[in-house]
Amino acid sequence: MINVTLKDIVVRGWTSDFQELAPVDLPIVANTRVFLPALAEEIKKQSKFSKSVVEDRRKAMAAQHEEVHARWQADLKKRWDERPIAPPRLAWEIWEVLKKEDWLLVAGAFRGWPSRLWTWDKPGLFLGGYGGGGLGYGPAASVGASLPYRGTGKICVNLQRDGEMLYTPSALWTAANTGVPLLTVMTNNRVYYNDVEHQEKVAIHRGRPVENKLVGMEMAKPPVDFANLARTFSVHGEGPITEPEQIRPAVERAIKVIKEEKRPALVDVYMQMV
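Be aware that the sequence shown starts at 169, since it is given in this note's numbering, and climbs by one per residue.
Heads up, some of the hints might be wrong.
[Unchecked claim] In silico PhoX-like links for lysine-lysine, alpha-carbon gap of 20 Å or less:
1. Lys290 <-> Lys267
2. Lys268 <-> Lys290
3. Lys267 <-> Lys322
4. Lys227 <-> Lys216
5. Lys322 <-> Lys268
6. Lys427 <-> Lys322
7. Lys246 <-> Lys227
8. Lys424 <-> Lys322
9. Lys212 <-> Lys322
10. Lys268 <-> Lys424
11. Lys227 <-> Lys212
12. Lys424 <-> Lys267
13. Lys290 <-> Lys322
14. Lys369 <-> Lys268
15. Lys267 <-> Lys427
16. Lys427 <-> Lys268
[As the list claims (entries may be wrong)] If you anchor each label on the Cβ, the simulated ranges turn out as follows:
17. Glu264 <-> Ile211: 35 to 45 Å
18. Ala238 <-> Ser215: 29 to 39 Å
19. Ser215 <-> Glu368: 24 to 34 Å
20. Lys427 <-> Arg376: 44 to 54 Å
21. Ser283 <-> Leu207: 17 to 27 Å
Calculated directly from the structure, the hints in this document are not laboratory data.
For glycine and all other residues, C-beta sits at the position ideal for the given N, C-alpha and C.
Based on the sequences and whatever the hints tell you, model everything.
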């Protein structure tokens, strides 16, 4: 097992936010954008594998890839009309607009749905792992990551959790002040859901009522109007979006503002509590 990463550089002795390090046979500190082409070239030079072996391997991997993607597409189809909006539907609607643009996902893994449904065919499409444990990383990091792309035509995307946005909403002002090409899509489930998951596990472990897991966690009464919040910072705001068919037009309008008015934009989407 070989692990090629730059993450080892950010490990510090006073914190363990990198979690547990995976045991590997050969750790290599390198940029994968540089390493992988070099590795491919070296393998070609050595010519240790016959064309038939390479082709058989390619076919096997392609079949596995197609089977996995077929499952994900089936899940998307099954959940297409769900209300509130299902995560795969939201990810797909964003992709249908974004695939026409030069884009970069600067923050927000969105529970893996972009990885499943978007096309990742070249380096430089994802900034990297999440930090801060959901305590305000996304808004601030996405602004900083977008700064170098002003004037390039690239659309920087932040799939932003609502609870985390409330930790550092002033990042919206910084986004407007610096004019970054940032599209923030609120994956707004109106709850601190990660804490809900924790409280459910603790309740089960301690024999307490699981139905109390939402106590102190919901932000639904009243819900936060993130589109209006964005407007107060001079960021273009769309929403709240409550119907799936509203997502794509809203994202299109937001990107138009980013490209033509050189202003960041935010689209607030109400989705399922997941």
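Going back to the hint list, which numbers does this structure go against? 7, 9, 14, 19
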